[in-house]
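Asks: With chain A fixed as given, assemble chain B onto it according to the hints.
Those protein sequences? They're chains A and B, same order as listed.
Sequential numbering from 1 applies to the first sequence in our numbering.
Sequential numbering from 1 applies to the second sequence in our numbering.
No wet-lab data here; the hints were simulated from the structure.
This structure is a prediction, so every number in the text was calculated from the model and none was measured.
Backbone N, C-alpha and C fix where the C-beta goes; we use that ideal spot for every residue, glycine too.
Be careful, since some hints might not be right.
Unchecked claim - Per label pair, the in silico range of CB-to-CB distance: (1) A:Gln-55 / B:Pro-144: 25 to 31 Å; (2) A:Lys-23 / B:Met-330: 26 to 32 Å; (3) B:Arg-21 / A:Ala-45: 54 to 60 Å; (4) A:Ala-11 / B:Arg-21: 55 to 61 Å; (5) B:Pro-140 / A:Ala-11: 52 to 58 Å; (6) B:Gly-52 / A:Ala-45: 43 to 49 Å.
One letter stands for each residue in the lines below.
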Amino acid sequence: MTLAIVLIVVAVFVLALGLILFKRSRQPEDGVASFRRHIDALSPAARREVIDRVQNARDSGKGK
Amino acid sequence: MARDLAIDLGTANTLVYMKGRGIVLNEPSVIALNRQTGEVLATGREAWQMIGRTPGYIVAVRPLRGGAITDFEITERMIRLLLQRVGVSRFTRPKVVICVPSAITEVERRAVTDAARRAGAADAQLIEQPMAAAIGADLPIDEPVGNMVIDVGGGTSETAVISLGGVVALEAVRVGSFDIDAAIQNYVRREHGIAIGERTAEEIKVAIGSADPIGDENEAEVRGRDLMSGLPKTVLLAPEEIRFAIDDVVSSIVASVVRCLAKAPPELAQDFLVRGMYLVGGGGLLRGLAQRIERETKVPVRMSSMPLEAVVLGAGHCIEHYEALKGMFMGARR
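Isolated chain A, as found in the complex (with noise of 0.2 Å):
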């Protein structure tokens, strides 16, 4: 009985240190991702559509 409770014990306490040392192993890859997210979508092809809209828009009223 005594045994079976150590174990379960250890069994959680080894859970949560996988757990802990999951999350802070993913947290630098995730800054990297989010930060390339980041520049990605500021990226001139990135902007391309919106600008070209409203270009093509303004251009557009400009002709009538």
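Replies: Chain B only, in chain A's frame:
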């Protein structure tokens, strides 16, 4: 399902960009009210035409001055009306990104976001004008190079150095093209003894105003009210007079650009000599301003291809890529 919106809440004009559609509204930031009942009579262009031409019971006002909100209640009503005009109702609750001057106070920030939320926005985020302007001016701000943008608006002039998607140095002054109009009004009153309105002063600025001597300059005939006799009177104004009249305001804008350049790290400062600085905003259209800044800073100045729309375009891009760019919003954790 509501389409998300980006709003450039400027001192002079308000522009609204709708996700997937483009710019859907571009009107002066003016609201006309019945002084007795407080009822809104007109907004935008219609209200702008009323400035200085209303009977006693109507007042046409700009709720923003010097980049600051002068009347929170009126600003809130204007935002609500603007959102209604582009189809926002209590059943369609879009996300909204609003461009504001970087020098905005915490109280003003909360007033703008609260006004947007009360007007029907599900979420309201703010973005600094120079950052939005740099995105909209199509500068390579995703690269580790110095990008400099000068946004001369109606009530504020903001200069920012941007690199790798963030602001490196920023300088803002609460001076803009409305101060140029006011300087012209004061000069004509002082030197020619005639009173002119805000709109006439703006017309003079557009017709013969310049920050630096330019070729092909003409004189302009100006009509106003003689301060002595009270009768209508016409005077002739020379471009040199207007340059002299607005020199203090222009010098203050140029000085803020110089201060921003001085704040930039040396690694980025050298980039400006090659890439130049970009001028956006309605005030940037003042003739000779680019030359004047160039002459005083020895750094090339280029005009953005869409100076009036650059800020809303930048905010529009943020609404199109909301999740990826939400770290750019004011108060966001980076």
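Asks: Does each hint hold? Answer for all of them.
Replies: Here is what the structure says about each hint:
Take Gln-55 of chain A and Pro-144 of chain B: their Cβ atoms lie about 27 Å apart, and the range 25 to 31 Å holds. Evaluation of the 26 to 32 Å hint for Lys-23 of chain A and Met-330 of chain B yields a pass: the beta carbon distance comes to about 29 Å. For the pair Arg-21 of chain B and Ala-45 of chain A, the supplied restraint of 54 to 60 Å is violated, since their beta-carbon distance comes to about 21 Å. The hinted range of 55 to 61 Å is satisfied by Ala-11 of chain A and Arg-21 of chain B, whose Cβ atoms lie roughly 56 Å apart.
Checked against the given bound of 52 to 58 Å, the beta carbons of Pro-140 of chain B and Ala-11 of chain A, roughly 54 Å apart, stay inside it. The given range of 43 to 49 Å is respected by Gly-52 of chain B and Ala-45 of chain A, whose C-beta atoms sit roughly 47 Å from each other.
When the structure is compared with the earlier hints, a violation turns up for hint 3 alone.
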